[in-house]
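Chains as they are written, first to last, in this note's numbering: chain A, 1 to 83; chain B, 1 to 883; chain C, 1 to 401.
Since the hints were derived computationally from the structure, they do not count as laboratory data.
In silico PhoX-like pairs for lysine-lysine, Cα to Cα no more than 20 Å straight-line:
#1 B:K439 <-> C:K8
#2 B:K147 <-> C:K253
#3 B:K123 <-> C:K9
#4 B:K439 <-> C:K7
#5 B:K123 <-> C:K7
#6 C:K8 <-> B:K123
#7 C:K381 <-> C:K236
#8 B:K436 <-> C:K7
#9 B:K880 <-> B:K667
#10 C:K8 <-> B:K436
#11 B:K513 <-> C:K303
#12 B:K123 <-> B:K137
#13 C:K253 <-> B:K137
#14 B:K436 <-> C:K9
#15 C:K303 <-> B:K252
#16 B:K439 <-> C:K9
#17 B:K92 <-> B:K147
#18 C:K253 <-> B:K92
Since the model is a prediction, treat every value here as computed from it, not as a measurement.
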Amino acid sequence: MSFLLTCPHCGPREVEEFRCAGEVTTRPTERPGLRELNEYVFFKNNVAGVHREWWYHRHGCGTWFLAERDTTTNRVVRTELPA
Amino acid sequence: MRLPPREHELIDRSKTVTFTFEGEPVRAFAGDTIGSALFAAGRRVFGRSFKYHRRRGLLCCSGQCPNCMMTVDGVPNVRVCVRPPREGTVVKAQNVVGSLDRDLMAVTDRIGGPFTPVGFYYKTFIRPRWAWPYYEKFLRNAAGLGKLDPHVTERRRVDHEHAHAEVLVVGGGQSGLEAALAHARAGRQVVLIDEGPEPGGHQLANRERIMTMRSLAAETAQAGVEILPFARAIGLYEGNLVPVDRGSTLVKFRAETVVAATGTLEQPLVFAGNDLPGVMLPAGARRLANYWSLRPGERAVVLTVDDRGVETARELEAAGVEIAEVVDYRERVPRSVVAKGRKQVRSLTVDGKRFDCDLVVMSGSPQPNYGLLAHARARVEFDPGRGIFVPVELPPGVEVAGEASGDVGSPAVPPPSHGEGEGKSIVCFCEDVTTKDFKDAVAEGFDSIQLAKRYTTATMGPCQGRLCHLNAVRVAARETRTDEGTIGTTTARPPTSPVSMGLLAGRPHEAAKRTSMHHRHKDMGATVFWTGSWRRPHSYSADPQAEVRAVHESLGVIDVSTLGKLLVKGPDAGAFLDRLYPNRFSDLKVGRIRYGVLTNDAGRIFDDGTVARLADDEFYVTTTSTGADGVFQWFEWWNAVWHMDVELANVTGAVAAVNVTGPNARKLMERVFDGDVGNEAFAYLDAKRGHVAGVPALILRIGFVGELGYELHFPSPHGEHVWDALFEHGAEWNATPFGLEPQRILRLEKTHILVGQDTDAESNPLEAAMPWIVKLDKDDFIGKWAIEHVQERGLRSLLVGFEVPSGRMPVEGAQVVVGGKSAGRVTSVRYSEQVGKVIGMAIVPIDLSGEGTTFEIRIGGELDQAVVRTQPFHDPEGAKLRS
Amino acid sequence: MRDIFFKKKMWRRHELKPRYDVVIIGGGAHGLATAYYLAKNHGITNVCVLEKSYIGAGGSGRNTTIIRSNYRTPEGAEFYRDSVKLYEHLAQDLDFNLMFSQHGHLTLAHSDRGMVVSAERAEVNQLLGIDSRVVGRDEVMEICPQIHLDGAFPVYGALYHPPGGVIRHDAVVWGYARGADRGGAEIHQGIEVTGIDVSNGRATGVQTSRGPVAAGTVIACTAGWSTQLAAMAGVKLPIWTTILQACVTEPVKPFLDVIIVSGQLHIYISQTDRGEFLMGSGVEPYPTFSFTSTFGFIEELSKHMLDLFPQLASTRILRQWTGLCDMTPDFSPVMGLTEVDGFVVDCGWGTYGFKATPIVGTTLAELVATGTTPRLIEPFKLERFYTDTLVSEAAAASVTH
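In isolation and in its complexed conformation, chain A is listed as follows (with noise of 0.2 Å):
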């Protein structure tokens, strides 16, 4: 057990109902070049602080969404549905 995260659909919930898939990435729209599709698969910005990330509630509702969360305090700012 550790910190709680605000499934959409069902409310605060223990952490470990969850799975992160880690941050938000934008998939290149056009073919990208070998260094970009590179940095796109396997570069991060591992941000310290507040980022946007993907959880999915595995041990629940199936519901994949967002969360802003502050990586230094695991302090849930907010979650959402993805738009």
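Assemble chains B and C onto chain A, guided by the hints.
Only chains B and C this time, still in chain A's reference frame:
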């Protein structure tokens, strides 16, 4: 030894229990602890210290210090001052060679002063190199405290519960009760937890205050506060989580507000001989007298920096202890203090004046017990005015009440340390760290508290700094000629006090997943083994080859229920799959099946399976057994990103699957299936719905194992019924159940890959020799760009089949060797009766991947030759699959 | 031996100079070892190590001290093989007892797939002369009679690595610090680097909490904050940061000699010379820079540990702590030159940095001294992520987005 019955004592003299200590019976009253009963029986030495094996007596009587740790009923390191005995409890001394009173290891105390200074081990036993293991063995045996029973396998039952409180008050002393009362009166739901049998805190050992505390507790309970006795907070974690130790239950509280009313920790004074038996903290002496009606000593000297010591002197006098002197540091700070004695303290000399005594009460500055607050990242600062560390900047949802906040009453004088040159002045009781050790550490450059702590090991023992952190900082500040604020504090880490792994673990592990036909496999003699989180049949006899033969020659049946099974439905279903798979599915005809691998945007393969089109807008997707959840989540994820018109369902658990395969598979299907199974009506890679043995089913005609085969998918609850029907009707062709091991041989004969075995984290479809499932003419799919780049740069390696002419068997994982170095590896290998050879698959450098190329692999530590085979070993044309 | 009785400063305090040939950011084991070998092997002594806290405050003082070389990739195994060799003689080299105890290391397999992965590692290792082999259940019991083989996840066998062992981690830090100091390097504690000066594609120095310092070469040896640090030089890294947790119990008499690891149960355990059990598990599955310990860690760890060692049910956990780990996509480190001349990175060490300390120090020192990348660390260069030539320690693919 007992005083006559006293008001408010905790013992019930009408009830007794008998336990044994070192084999001798000891009688205790109800309400006694093992420690108090042993003290009543005349025992003064309760333990031997960690390093120097110095005699140690009762010090805190509150379960904080390391002095009274014994082995109780085989469990080491039990603090007997707070452990009640049961009838027949077996108590033994620990960390002694000989007995508590005569410990042969105590020799280390005499030689250990000048000869084992701090850092000793870092500077000795360096050469010769080979000798270290011998020294180490000696050191290991000398270290440690109690001894574990290696034969224990039974675990006591522990339950875990979840609970919620609007306000959780930790600590039932006066300030905790008052805080709980105030919150309850403000209309909030309040729970108060307290470690002891009843709330009241340290004032329970104060005869003048006890009745006031009891009425406050009653008032608090009446106001609706739920009071939990014998409840110890383990820590304060993120999200205001407070796990609470209640003996055989662990209660995990989430609270909107946590109030730390954890009081203070009494601190020892530092002087020569301060660890002799008979030198006690105020609460220790008071508990002996007031809880258990024991006279802590005949004649006492009290050293104090505040009112606690003065009050304690009064309480002790009431218990018949003669008070030789009260040395109040607020009046005059002594220049030297030395305690002397052998088995226990016999005298205390203060500034040259000697007092004969058998009890010394030392009351240093009470240190706020801020552990919980520090867990929650409250900042802790040194307050030079009061000479203590206080919590500041509390996180939201956390409050502090009473003395824990630093509100410790009368200003205390920061006491100096005394007695260097007169014997050991102990700073850290757990680790036997002296003032001299600190002096030496600082002289060597360990001049911050963190470095000094690590070098001396002070604060790292069982009490985790509760009794020594403040003194350690003071001594380090003095040695560095700075102040306590500069020296800083170490981080208080959870748990607040040691917590057993049995309590944390709760009930033993959950069982593995099993398919609906599991019991049939057991009945048929299957050897069951682990694959991922599933238990599956390895084979049904000692000879997996016999099962392989049955499949090749007649008829085999295997339970493949563990496969992941997903439904993809909606107008965009085809387009959705086209974007996820390198292969194309939008042009798949209804009733047809196509194989596909899944890649990520790095072009790496992470799963594979079949896709059957059930309707224009509906697909049935199978995945690997371990990949089911991951693939479903992957699909859901992209669906959340793309917002296409598809719905997804994971039916893995709801649907069972059985593969019926072999030359006689069609004959069996004719008997059990209610549709046409002729080769034209139901061709290879067709998917049909119907009934099997009366059960609605989806049949996929596929051939993972290389023979004519039908994969039957049907609702799980009918698993045993269908299984039984297949064997009943298949008896004519000697239907044989086969397990995973024969399946692996069969699929290897076809060089069908197993994702995760024949591929790894770096495999892409081109280098996994599956260019035919990659449709680069599609606009886009996940992984397309990376695969295109692989194609442009050219392949570096290739997954190929191979045979070993020598007939020797490499292990899976054996290395392909070029020029003495690893250049690839064997991913799969088996002996195939059908082929009559050792066959396998391997990842080899691209220049060694041509048909018939010989390459070297390591077998049993020697190099042997393997030959590349790019065609399947069995039925290379696939005629049997299509027959 | 003299030092036992005649106390001498192990490292001195200095005034910060305006310029050094080499500025090493991070006073952990890696940074200090690099400073030590720069002087010892290459005579480069105008070197300073800048540590924002105290030496060894980060991963060096928080890890669980396991030293081994039984890696999966030939690149990783060879690199760590040489690291273990250096560790074996390091106490004599530094004249400081590091208490390196090679009691052996067992990686348990709980499935036949696990056995295959073990076999693959053993094959890779043996080809490189590393003592590493697969053992069956009986031999597991011989090596570790205390283990309970038939818990909820039965033990099938193990990868056995006899040279694996534990060491006193703080001693490694202090030994290198003393050696670096004696070699002429300056160790500065309590100085934080706040910027890296880059002009014309070349790192020229650093900005610190005590002012600017010019440098010929800047080496970043910080775990946890390497993304932020590299960004100061305009270099992007393929790293996400999370915490790894560990805990220690009260000391008991010797019970367990070997190190036991179970990848499937996500746990490992050793018993220190002091008698404590030192235990850990896997990294948290979300990015975080928060050092806060979690209760879930000691809860899950205990559940799994008692599966293997029910005898520990009454053993008490004394304290738990966390450390930051920089994870890379292929679970191998990132070492060496970057696009910015004179800016060298040593990062992405995940959960395996401490065991590489001596080889990191020697190879980085060689890189700085000669300007060419030593063969041993060539595979770990940052450039590999742009060219997609990864060194994957993971056995199977994980899903990325």
